[in-house]
Amino acid sequence: MNKENIKNWLKVNLFSNWYNSIISLFVLLIILSIIPSLIDWAIIKATFVGKTKSDCKAGGACWVFISVWFEKLIYGFYPDKQLWRVNLAFIILILTITSAFFVKPKIKPYILFFLIFIFPIIGFVLIHGGFGLENVETRVWGGLSLTFMLTFFGIIFAFPLGVLLALGKRSELPVIKYFCIAFVEFWRGIPLITVLFAAAIMFPLLLPANTNVDKLLRVAIGIGIFESAYVAEVIRGGLQSLPKGQYEAAKSLGMSYWKMNFLVILPQAIKTVIPGLTNTFIALFKDTPLIILVGLLELLGMVNLAKSNSYWLGMAVEGYIFVGLIFWFFSYLLSRYTQSLEKKFSTEKH
Amino acid sequence: MFLSSGFKTSLKKNLQLSNLIPQLLLIFIFIFIIYFFANNAQINMKARNMTSGFDFLGTNSGFDIQFSLVDYDGSSSYGRAYLVGLLNTLLVAFFGIFFATILGFIIGVSRLSTNWIINKLSLVYVELFRNLPLILQIFFWYFTVLRSLPSTEKSLIIFNFLIINLQGFYIPKFIFTNSHYIFYGIVFSLLTIILIKYYANKIFYEHAKVVPVFRISLFLIVLFPLVFSLIGGVTINIEYPKLIKNFGIFNYLGGIKLIPEFLALVFSLSLYTSAFIAENVRAGILAINKGQKEAAKSLGLNNSQSLNLIIIPQALRVIIPPTTNQYLNLTKNSSLAAAIGYPDLTGAFAGTALSQTGKAIEIIFIVMMTYLTISLLISLVLNWYNKKIALVER
Amino acid sequence: MKKIKINSFAILAFVVTFIFTTFNANANQTRENVIKRGSVNCGVSQGVPGFSNADASGKWAGIDVDFCRAVAAAILGDANKVKFTPLSAKDRFEVLKAGDIDVLARNTTWTLSRDGGLALDFIGTNFYDGQGFMVRKAANINSAKKLNNVKVCVETGTTTELNLRDYFKANKLQYEPVAFTKSDEAVAAYDSGRCDVYTTDKSGLAANRTKTKNPADHIILPETISKEPLGPVVRGNDENWANITRWTLNVMIEAEELGVTKANVDSLKSTDNPAIKRLLGLEGETGKNLSLGNEWSYNIIKQVGNYGESYEANVGPKTPVGLARGLNQLWTKGGILYSPPVR
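Chains as they are written, first to last, in our numbering: chain A, 287 to 636; chain B, 71 to 464; chain C, 3 to 345.
A couple of the hints might just be wrong.
[Stated by the list, open to error] Once the Cα atoms are required to be at most 20 angstroms apart in a straight line, the calculated PhoX-like pairs of lysine-lysine come out as:
| # | chain 1 | residue 1 | chain 2 | residue 2 |
| --- | --- | --- | --- | --- |
| 1 | B | 315 | C | 147 |
| 2 | A | 358 | C | 147 |
| 3 | A | 358 | C | 61 |
| 4 | B | 315 | C | 174 |
| 5 | C | 85 | B | 315 |
[To be verified] Listed next, with one range per pair, are the computed distances between beta-carbon atoms:
| # | chain 1 | residue 1 | chain 2 | residue 2 | range |
| --- | --- | --- | --- | --- | --- |
| 6 | B | 220 | C | 242 | 53 to 61 angstroms |
| 7 | A | 338 | C | 139 | 23 to 31 angstroms |
| 8 | B | 99 | C | 40 | 32 to 40 angstroms |
| 9 | B | 245 | C | 168 | 41 to 49 angstroms |
| 10 | B | 125 | C | 276 | 52 to 60 angstroms |
| 11 | A | 321 | B | 390 | 31 to 39 angstroms |
[Claimed, not checked] Going by beta-carbon spacing under 7 angstroms, a handful of chain C positions derived as facing chain A:
| # | residue |
| --- | --- |
| 12 | 59 |
| 13 | 60 |
| 14 | 93 |
| 15 | 96 |
| 16 | 100 |
| 17 | 101 |
| 18 | 102 |
Hints listed in this document are in silico derivations from the structure and should not be mistaken for laboratory results. We put the CB at the ideal spot given by N, CA and C, even for glycine.
With the hints as constraints, model all of the structure from the sequences given.
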């Protein structure tokens, strides 16, 4: 912390030669001219408390916009009196996931089982209704909670399907193999938007007359199938990386195909590709706002709705920054997590 | 003996019923689903008096499109509208890829800079842009940045070249006469460069002498088109955008116009994708171990030689495959155009044309197949390239 | 091996039955579905003041909204049993066809190709309109004939988009369409200066002018370039449902013609006028023809009111939208509003 150290650090890292010095000074100048005015706008001159747009001072950010619309941004048009149901579902989810970090490895598979098979039912009943709970139709679902619901649904839908597709791609049976390859390549070759359009607009025409599957469910399944193709590719990578000895050992023990894959191969393969899987799920999370294009309003959609309310015109920047912070926070957190996993795995190998 | 009996059982196994059943089952289920959907579609359309088929592609569309690379107006057919959309998609993808590559390489190299501030700044850049949803970035550029530009009569004019206002960016248009001569010049210079490259290789292997092919090529690619255009009498006219006033409405006419929807899309696609490319570039350079650089030095190669001959070729081998994947993603992501009304394949064809005709099945099918074809073409090129560099590896 | 296969078949069977039971089978009868569900699903706009617009608390109002409420009153006896789905112009027909809504009341223009080609039924007109243009006052333009080299903001997937092209083509004027999927976005783009002109139905212009930063800065040009009869739409394969919605609208118009209002409908129950008696279901069997109870028309008027009341409350001169009755006046008073006899 002494002066000499700082001087040394500056010399090595910023002013090592003449062109580095020029670049450093230039960049510093730009940063110093931007950051203060940004802080000024976002914090010092900003208005945090109020009820209407007129409470906001000119020249600063109007965070009142966020606080007034906060409930809508998080829950959409979900009825006020029923909000506890959404909250409860998410509290159960968070508790379950955090508990996984503290229990013994033996119990972890049960937690996974709970998350994939039991929790979706609990969550669905809580949020949608049934068993004495009032029905809340999907049309009023929205906001950040919908973003999370879709992401969660996408993961638990895409994961098992992706595993099956990955196994199928390596199958010895030609029909199954080529079907899985074609299936995966098809979904990976088209943009998600066309899938959403197909789910929202085209799919109902393909069902028997007068059957009606909920639009949100159609879209969610579309997203799930789309992501399963990417999951399959990641898991296939894991399967390929396994040494052949693993298969031979399992076979020599007389295991059947399914027993071999589910007890020996997949657990190892999936473990090595957890970083890749997490990246796929980050991509899924970042893709959920696309449902705006078929008229479903998750977080970004709610901001778009709020900013075009005639009492709140001109609030786009504040809204987008809020959305950006939330998405950035979760994506960054997860990507750091994958990076740490990658490091851990690479050290385990060596 | 043991081996052959093992082989026999495996052959037997393949023909076993237990292996045939799942395959037949899959075929059966697949056919059933297709039949189920097709049948329902037919019944539904019949019940609603809807016709199916692609005849509508030949009929007049009746709507205009704001931005098109080929002649198009409302009296053109829906097939033409498809072409307009496809070309607009390719245009955005082309410019997106171009800028994403440049930005990605700059940021990727900066990530390894010894200059602390450059290093950290490029880290912030990468983490910022790749962790935000692309559609949010598009909205941000379109609804906040480009919407806060000045109006037409108060346009920003930069060096009398670039005119910036809320309705778009305008640049002068260069109109060439006899422009085919420039093309001949480029073709001729390319042929010469290939020839020189061939002999340079020969000289390198036989006499161990390095010919500065890159510099010669750079010189030739400028020289020949210039010479050819002088011979062919090529002239250049510059058409500047002109401010026209119609009552109180101002408008720039002439020149090349870039609409805000296009700009927002190109900005966000290139920024978003460049963050991913930067990571590929960084990984590619890091993948070459220090030994390679030191070996190059010990061979007596100077800095630029070792960069050109040793480091870049090897780094590219690592960088190119994942980067091509990013190009593919960028092309697919350009379909987000629909969110801000840029008339691409999704916006103009799967959007406007679909709602004017109601041909949901046909149009979505066409659009999906188009994207699929583009994707498969790009991955074919990628596979071909991968094979090629694998061969070089020996 | 065998055991596993049986298990997987059982799972498959379970999944298939599960999926099919979540399907809402036997939906051919929209009326029965509505009764079973206890609410009418109504597609409306994403916010056109006076026609269908939600306030901050999520409560919908407008003449299209009133129509939906009237349908609910007719079938379910309670005008509040409506669920509104805001839709963009681009999505509206597909959502209706998909069965996500029962009726579309979203200032939709009745045209031959939509009625026939899209397999939909337009059940009448609840607002006679025509397309117009809005420009900034600063543009100094007082006639649509003077619009040349302009950028026009328009909602995509509408008849507006097609009329726009016809108008400029016919008058040999140059323009550039800037198409948006949401009317909100088109208005915001025009307001920001992205376009010089905003075009939609004149009622929509008046309504959307209230959404600009300074409504006084904009004028609506006098020309009307098209006929736009706006009306509710239902799927084309359910005659009973089409009749219910059609006669809901007719009852509202007929009620105004006969002077029956929300306020006096109870006292008129003891009237001797046979036309009013028929209208209120006190004579004849109007409800039975629609498979409804005889109270249906009374419920509409009692809970929602007649057409004139709905008009004055939502788009009339005293509202911010401020549209005179014009063509939408009764045929007896100089307009073209005319209901077939309710008998």
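Consistency of the hints with the structure:
1. Proximity of residue 315(B) to residue 147(C) is assessed by CA-CA distance (about 16 angstroms); at most 20 angstroms being required, the pair is judged to hold.
2. At most 20 angstroms may separate the alpha-carbon atoms for a hinted pair to count; residue 358(A) and residue 147(C) exceed this at roughly 45 angstroms.
3. Between residue 358(A) and residue 61(C), the direct Cα distance comes to roughly 14 angstroms. Compliance with the 20 angstroms bound is thereby established for this hinted pair.
4. Taken as a hint, the residue 315(B) and residue 174(C) pair is honoured in the structure, with Cα atoms around 18 angstroms apart against an allowance of 20 angstroms.
5. Distance hint between residue 85(C) and residue 315(B) is unfulfilled; the C-alpha atoms sit about 49 angstroms from each other, more than 20 angstroms.
6. Distance hint check for residue 220(B) and residue 242(C): the Cβ-Cβ separation is about 58 angstroms, which falls inside the suggested range of 53 to 61 angstroms.
7. Taken as a hint, the range 23 to 31 angstroms holds for the pair residue 338(A) and residue 139(C), whose Cβ atoms sit roughly 28 angstroms apart.
8. Against the hinted window of 32 to 40 angstroms, the Cβ-Cβ separation of residue 99(B) and residue 40(C) comes to about 38 angstroms, which satisfies the hint.
9. Separated by about 33 angstroms at the C-beta atoms, residue 245(B) and residue 168(C) break the suggested range of 41 to 49 angstroms.
10. Distance hint check: the CB atoms of residue 125(B) and residue 276(C) are about 54 angstroms apart, consistent with the given range 52 to 60 angstroms.
11. Checked against the given bound of 31 to 39 angstroms, the beta carbons of residue 321(A) and residue 390(B), roughly 37 angstroms apart, stay inside it.
12. This hint is violated: residue 59(C) has a C-beta 10 angstroms from the nearest C-beta of chain A, more than the 7 angstroms allowed.
13. At its closest, the beta carbon of residue 60(C) sits 6 angstroms from a beta carbon of chain A; the interface hint therefore holds under the 7 angstroms criterion.
14. The criterion of a C-beta within 7 angstroms of any C-beta in chain A is met by residue 93(C), whose closest approach is roughly 6 angstroms, and the hint holds.
15. Hint status for residue 96(C): holds, given a least beta-carbon distance of 4 angstroms to chain A, under 7 angstroms.
16. Checking residue 100(C) against chain A: minimum C-beta separation of about 4 angstroms stays under 7 angstroms; hint holds.
17. The restraint placing residue 101(C) at the interface with chain A holds, with a minimum CB-CB distance near 4 angstroms, inside the 7 angstroms limit.
18. About 5 angstroms separates the beta-carbon of residue 102(C) from the nearest beta-carbon of chain A, less than 7 angstroms, and the hint is met.
Violation of the numbered hints given earlier is confined to hints 2, 5, 9, 12; the remaining hints are satisfied by the structure.
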